[in-house]
Amino acid sequence: MNKQNISAALLALSLLAVGCATTGDPADDRSSAHPENELSGSATVFAAASLTEPFNEIAELFRAGNPSADISFNFGASSGLATQIIEQGGADLFASADQVNMKKVADEDLLQQAPRVFIRNRLEIVVAPGNPEGITGLSDLARTDVKVVLAAAQVPVGRYSREALAKAEVTVRPVSEAVDVKGVVGPVTLGEADAGIVYASDVKAAGDRAAGVPIPDNQNVLAEYPMGVIKSASNPQVARAFMDLVLSPQGREVLTDHGFIAP
Amino acid sequence: MALSPPSLHSPQPPPEEAARTGGGSSAALEKASTAMVKLAVGVAVAFFLLPLLGLLLRTPWGELSTELASPPVRSALWLSLVCSLAATGISVVFGVPLAWALARWTFPGRSLVRALTTLPMIVPPVVGGVALLLAFGRRGFAGRWLDQAFGVTLPFTMAGAILAETFVAMPFLVITVEAGLRSMNRRFEDAAATLGARPWVTFRRVTLPLIAPSLWAGAALAWARALGEFGATITFAGNLPGRTQTIPLAVYLALETRLEAAITLSVVLLAVSLTILVLLRERFMPNL
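Residue numbers (our numbering), protein chains in the order written: chain H, 2 to 264; chain C, 153 to 440.
Some clues are possibly wrong.
To be verified - To give a feel for the contact side, a few chain H residues facing chain C, derived at Cβ under 8 Å: (1) Ala78; (2) Ser80; (3) Ala179; (4) Glu193.
Worth flagging that the hints you see were computed from the coordinates, not collected in a lab. All C-beta atoms in this analysis are idealised placements derived from N, C-alpha and C, irrespective of residue type, glycine included.
Pulled out of the complex, with its shape left as it was, chain H reads as follows:
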């Protein structure tokens, strides 16, 4: 193999390495506690993917009230976030879409206090705008002409979806199993899939790119979202202040505006 070949191969290899992205590292710019009462520095919040829109909005409120403090987010499936917190740390605050994954973190003795449920969410069927396939309930998801995407059973919304389908006694053969709830909404808004099961808040977040079909209470599953400050938090003051804002009437209003349900 001659020099040019080798350099081409090396270039290829280095590009290969670039292709292997890592998950976002928390910001390193946190400063230690400020002498005065004013909050400063940044806290990293690990939050369920379904909280993306309301938490970004609450963070705007937080920044407006605390100009020298900041919040950065790592959104993803709660299950993956729990694994990251246990294996790598890096989180100041954890907001999970279910109790199971919060318990995993709590069982490792990584929480400062017992977690608090701050909001709830219910399931909805997400379809294309105008509902072209005429889906009226979970039983329609069993139709062979309907391409359904479910979240994988490993992530909270996937587990809830299967609970709801079991309650409705419907067997669905999905075309794909998404790795988080946003991965269910995506193919439906792109038109590649006809329907999926997501949180009501995600249908709302999709705006006019998707529509929702409600699931009756007797088939639905109520998801409880707990949050707690991590013991090894590098900036517990900012983390706690953000948590207080989420729990405040102001924060709750943002969440309910996004389709969540007050606890």
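Assemble the complex: chain H is given as a structure, and chain C must be docked to it using the hints.
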């Protein structure tokens, strides 16, 4: 070469002479730069070795065989091998002619075509997957035509997974083969032509053997890239066990719940790919 001690290089002035002409400082300089190179080599090797060690130290070796025997792992492994080998095959069939055109033909927009070829290497794979959806998806312009004309839909199918892997893997083959074609000695081709060989015979009997190392290297790179492909596959082909869930996708989902399972799957993939590469290399590239 840089690692061999300076004293082994032949025309070294004797010490006294070197000192007189100021060569002493240049010898010290050479020594220092050799040490620097050695340091860089050590850092580079450690950089690759440490993550591998991290993986191997956490591997539950006792569970490896159970994991290998479990149907979901076997189907993911099988899918990974089939899809990546198919992607490599398609890359060779279409990539070698493309490399030939880039290396030998002069046509307007050649550098543009080359840039286009390397696009999948630069674009994040997830974006590549979205781009594939917008073209070959159910609502994409090419996808709609495929559906209407042939009743073929690619998203969420194994063919879709192969397409996504080919998209990200083929550039590696094209640039490696093109480099091989550019650097080979063309006098052998000219000689064959002078002796009356038809172009195809020349290509098969003269060019191909000469660029074989590049071809194998390119194919191996493309295969490795296809085997590890995640972003474009999950975006375009989705994730369904038994149909489109290759090992990288299974690893990602296993990470959601059990780190050990994810590690085991990775080690299985690593072992399989290493075995294949070593076998291939002994068979086809003994000099590489």
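Given a cut of 8 Å on the nearest C-beta pair, is the interface hint for glutamate 193 of chain H held or broken against chain C? Holds. Min distance 5 Å.
Restraint satisfaction for serine 80 of chain H [CB to CB of chain C, less than 8 Å]: 4 Å, holds
Min Cβ distance, alanine 78 of chain H to chain C: is it shorter than 8 Å? Where the cut-off is 8 Å and the nearest Cβ of chain C is about 6 Å from alanine 78 of chain H, the hint holds.
Min Cβ distance, alanine 179 of chain H to chain C: is it shorter than 8 Å? 7 Å, holds
In this structure, none of the earlier numbered hints is contradicted; all agree with it.
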